[in-house]
Amino acid sequence: MKPLYIISSSCISPQNTFDETVLFDGNEVKTAHENILSCIEPDYKGFINPVQIRRMSRALKLGFSTAIDCLRKSPVKEMDAIIIGIGKGCMIDTEAFLHSIRDYNETALNPTHFIHSTYNQLNGMIALDQKINSYNVTYAHRGFSFEHTLIDASLLIDADEAKHVLIGSFDEMTPEHFFIKQKWGYWKNEITDSKALFLSNSPGTLAGEGYGFFVLGAEKTCADQVSILAVQTLYNPSDEEILQAIQSILTAHQLEAASVDLLMLGNNGDNRQQHRDELLTTVLHEATPLYFKHLCGEYDTASQFGFWLLSHVLKRQQIPESLYHPSQRSDSLKRNQVCTTIQ
Amino acid sequence: MQDLQDLKQSLKTQIIESLNLEGMSPDEIDDNAPLFGEGLGLDSIDSLELMVLLERNYGIKIEDAREGRKAMESVNAMVQYIADHRTK
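Protein sequences, first through last, are from chains W and D. Here my numbering is used: the first residue of the first sequence is -11, the next is one more, and so on. Here my numbering is used: the first residue of the second sequence is 179, the next is one more, and so on.
What the hints contain is simulated information worked out from the structure, not anything from laboratory work. Heads up, a few of these hints could be off.
[What the hints assert, rightly or not] No more than 20 Å apart at the CA atoms, straight line, and that leaves these computed lysine to any residue pairs for SDA-like:
(1) W:K61 - W:Q118
(2) W:K(-10) - W:C210
(3) D:K239 - W:D31
(4) W:K49 - D:G201
(5) W:K171 - W:N259
(6) W:K208 - W:A218
(7) D:K266 - W:F35
(8) W:K18 - W:E29
(9) W:K61 - W:T9
(10) W:K65 - W:Y107
(11) D:K239 - W:P99
(12) W:K208 - W:S142
(13) D:K248 - D:H263
(14) W:K119 - W:F35
(15) D:K239 - W:T95
(16) D:K266 - W:N93
(17) D:K266 - W:A96
(18) W:K169 - W:P191
(19) W:K49 - D:I223
(20) D:K239 - W:K18
(21) D:K266 - W:L97
(22) D:K239 - W:L97
[Claimed, not checked] Listed next, the stretches of chain D that the computed footprint assigns to chain W, with coverage defined by at least 3 CB atoms under 8 Å from CB atoms of chain W:
(23) 206 to 212
(24) 217 to 227
(25) 230 to 237
Computed from a predicted model, the values in this text were never measured in an experiment. Ideal Cβ positions, reconstructed from N, Cα and C, are used throughout, including at glycine.
Taking the hints into account, I'd like the entire structure generated from these sequences.
See the structure below:
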């Protein structure tokens, strides 16, 4: 795999990440409200024209604004591909459409909710607005959706079919979606503060949502550009398979386990899934473990938020206090080599 | 049965709600101005939304596209069409 350089990025999350400096300047972490972390909405006027906005749902407004912000930050304007990952599509429109089917006995259904409930709606809107008439793909692979945007971008760049790719992912949380997953035991039964998530020692986690976009390129556009050297996904792996995958990535890049500085863990505070942390921190014993799901909550494409955070940690060479485990003391970034994100 | 003036007022409110015309009041919609292209500047998806509105609120099902275009030329045209064809 050729390196993928992160040329620009933009992120809307339950934290003040749209203004990139805020999370790194020691500001107060926004906490969950009744176990849901909801995104902070920007002023849409600067991103969406009034004619477009009236028909857009909240998820589309947030996703479109994030993508446009990312493209504006990029010194490269010509995109060869748009690749977006989404776990379940625009939930509000899907729910409204399903309610109409029930309420009106499968007649007189609103076209707008149907159109916007489709997975690739945001891809189309970005392409039309930016006049990007090239490769345009949506991955709806639930927990692997964001990872597949990275893999696809890497394949395109490796095959010299693209030089610059806009990738991104998003998922929204709605009251109904929260309610259904509550029944399945996804969320914590007790009201949990974000800061106390990793100390809760109970089943379930916090619900969340988020929107993130990146312009990736085959070549550097500045000296200190963060790059992606390897992407690997594992479905329901055994401990042995995880260890083999880590070793194979390290070997491919002539690295030792001890040379990994940071380990971004996808721990979501569910006490039924803690043993992976122990495994990873034992193998990558020199790495400082960092955490992000107390800031964004759990959703299918949450790894994108961890990925966005890591790219900024590496670029700034600064770790926000909020990424450490509550029982951990902050440690300075020692070197600048490899980070691993585990969903 | 509503008189035409009341019908016009409630239809304008329904149009604003169903097409999500944020910041617009019923008084700002010109009774005679074209709904599509000029005037309100609505598009083809809006025309489908208006057909859904007619079916849900007035029990009117428009099968013929030409008849639909005529019925939705303006607010006044819609009001007259509703008065002539409503089943609820």
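For each hint, the structure was consulted:
1. W:K61 - W:Q118: Given that 20 Å is the threshold and the Cα spacing comes to 14 Å, the pair holds.
2. W:K(-10) - W:C210: Distance ~17 Å between W:K(-10) and W:C210 Cα, so the pair holds.
3. D:K239 - W:D31: violated, 40 Å
4. W:K49 - D:G201: holds, 18 Å
5. W:K171 - W:N259: Holds, at about 18 Å.
6. W:K208 - W:A218: holds, 17 Å
7. D:K266 - W:F35: violated, 42 Å
8. W:K18 - W:E29: holds, 13 Å
9. W:K61 - W:T9: holds, 14 Å
10. W:K65 - W:Y107: violated, 25 Å
11. D:K239 - W:P99: Measuring from Cα to Cα gives roughly 15 Å; hence the hint holds.
12. W:K208 - W:S142: holds, 15 Å
13. D:K248 - D:H263: holds, 14 Å
14. W:K119 - W:F35: holds, 15 Å
15. D:K239 - W:T95: Roughly 11 Å separates the two Cα atoms, so the pair holds.
16. D:K266 - W:N93: holds, 17 Å
17. D:K266 - W:A96: holds, 15 Å
18. W:K169 - W:P191: holds, 13 Å
19. W:K49 - D:I223: holds, 18 Å
20. D:K239 - W:K18: With a Cα-Cα distance of about 50 Å, the restraint between D:K239 and W:K18 is violated, given a limit of 20 Å.
21. D:K266 - W:L97: Measuring from Cα to Cα gives roughly 18 Å; hence the hint holds.
22. D:K239 - W:L97: holds, 13 Å
23. 206 to 212: violated (count 0)
24. 217 to 227: Coverage by chain W holds for the region 217 to 227 of chain D (4 residues, Cβ < 8 Å).
25. 230 to 237: Since three or more residues must qualify, the claim that chain W covers the region 230 to 237 of chain D holds, with 3 doing so at under 8 Å.
The structure shown violates the earlier hints numbered 3, 7, 10, 20 and 23.
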